[in-house]
Amino acid sequence: MTAKVVTITSGKGGVGKTTATANIATALAATRDKVVCIDADIGLRNLDVILGLENRIVYDLVDVVEGRCRLRQAMIRDKRLPELYLIPAAQTRDKTAVSPSDMVRLCDELRNECDWILIDSPAGIERGFRNAVAPADVVVVITNPEISAVRDADRIIGLIEAEEKGPARLIINRIKAEMVKRGDMLSTEDVLELLAVDLLGVVPEDDKVLMGGNRGAPVALEERSLAGQAFRNIARRLKGEEVPFLDLMKQGGLFGRLSKLLRPGGD
Amino acid sequence: MGPKIQIKGVRDGLLVVLGEGEWPELHQTLLVTLDQRIDFFRGAKIFLDVGNQILRAVELGQLRDEISGRGLTLWGVLSNSPTTENTAQMLGLATRLSRPSAALQQRSMAAPETNLEDGEEAILVHRTLRSGYSLKYPGHVIVLGDVNPGAEVTAGGNVIVWGRLRGTVHAGAEGNDEAVVCALDLAPMQLRIAGRVAIPPQRKGKPLPEMAHLKNGQVVAEAWKTGFKLFV
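Here the protein sequences come in this chain order: E and Z. All residue numbers for the first sequence refer to our numbering, where the first residue is 1 and numbers rise by one. All residue numbers for the second sequence refer to our numbering, where the first residue is 268 and numbers rise by one.
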């Protein structure tokens, strides 16, 4: 096995990096691929919470880097999916506890043991971002359909190009079809026009995402969730499959949503 | 005795001039020099003159990290190689000193003869300038690509964008009232010509090529018409 290292980053905070990491990892692991997630947000860890693994942490990323434990000991197996592992971030340290070369070394060690390494990047463009991007084979930039998030995504894409990690792939998260229809929200086309990068997926706004995060059960496992479907499609596209994009604009009204719920997974 | 390294004070900080040699050796010597004289360098902004070295982003990025790891800042890179200059610009490093230094003057004298008039130099940038990117050039700037919001272009002469111009642009930055800004879609966040600042109104409808220039001290934008003769 030679794992592909995928880093999920955004620049701006709160656009859904951690949620996306948890869901894509879940969706990949559900197809029997072996996935290791690394939470690179040292000091502000969240991925363990979203995956519902917080209470199982014994060792973390900084323990591995500083040699207090073996890599294996820091890998927490998911409670639902046997192929999914998490290396949590340290909560009591900060980004300077790890260097970009530490991350490269760590990922090289992991490469032969799994199919995917997903790195959840912290917000910002400083050390934490550089740590997260250093080992990446593919960088996925996530943004929301709002001006400030898109502006930051543009900056991040430029930095990724400068680090020769490009071309970045894009996920647009939390799009609301009704608002786009009314012209109150940037559409997928508006975002792509500015950023001009390859689109990996569009995830609709869905209350179930938040609910799943609170319960520590990513929505990607929910057959009937539209956002879950979007994340599953993203996972398949990462694996190289051609998957058509969900037609979110069709699901506008209540009736559309209901009929969607009755036809799980149909797109 | 390894390759020689010269250190000079310049307006922006310290200019470190690397001698001739292979990059791995020069790189090592540079780090050793910095370490040996760390008290002298502490907190300094460093301009590195790398001469003819061709450096890729990996090498320059690593060096930048190593320098910042020592509490110093790699501010800019001077080079004879366009590849290296390009790399430095991609990493957001300056590629010019703000005031001509001895090294730079020597460089321009050594540059191959051109038959361009003074002030007619231009730089061609064949890519999209994204947010956070700052391009400064004393001559004209031609961009084949978009200038996104949050990117800045500052030129001593004219700015021509074959694409969408949505960032901040400053033409005639050294006071040239004759400077113009043209773009296929002229919708900058802010447009400056010489000392004038304009905030163009949001345009509705289809984009059309336009040229902005100064008319009676005001910035005006006019649609591009065939046979338009401003340069002549």
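Derived from the structure by calculation, the hints contain no laboratory data. These figures come from a predicted structure and were not determined experimentally. There's no promise every hint is true.
To be verified - Here are some of the chain E residues that sit facing chain Z, going by a computed Cβ distance under 10 Å:
| id | residue |
| --- | --- |
| 1 | Ala97 |
| 2 | Ser99 |
| 3 | Arg105 |
| 4 | Asp108 |
| 5 | Glu109 |
| 6 | Arg130 |
| 7 | Val150 |
| 8 | Ala162 |
| 9 | Glu163 |
| 10 | Leu192 |
Cβ atoms here follow ideal geometry from the backbone N, Cα and C, with glycine treated the same way.
Cross-check of the supplied hints:
1. The beta carbon of Ala97/E is not positioned within 10 Å of any beta carbon in chain Z (closest approach about 14 Å), and the interface hint is therefore violated.
2. For the restraint placing Ser99/E at the interface with chain Z, the shortest Cβ-Cβ distance is roughly 8 Å, inside the 10 Å limit, so the hint holds.
3. Among the interface hints, the one on Arg105/E is violated; its C-beta lies about 15 Å from the nearest C-beta in chain Z, farther than the 10 Å criterion.
4. Hint on Asp108/E is violated. Least Cβ distance to chain Z is approximately 16 Å, over the 10 Å limit.
5. Restraint check, Glu109/E versus chain Z: the minimum CB separation of about 21 Å is more than 10 Å; hint violated.
6. Taking 10 Å as the C-beta contact cut-off toward chain Z, the hint placing Arg130/E at the interface holds, the least distance being around 8 Å.
7. The interface hint given for Val150/E is met, as the beta carbon of that residue sits about 9 Å from the closest beta carbon of chain Z, less than 10 Å.
8. For Ala162/E, the interface hint holds, since its Cβ comes within 10 Å of a Cβ in chain Z; the closest pair sits about 4 Å apart.
9. The closest approach between the C-beta of Glu163/E and any C-beta of chain Z is roughly 6 Å, which is under the 10 Å cut-off, so the hint is satisfied.
10. Given hint, Leu192/E at the interface with chain Z, is violated; its Cβ is 12 Å from that chain's nearest Cβ, farther than 10 Å.
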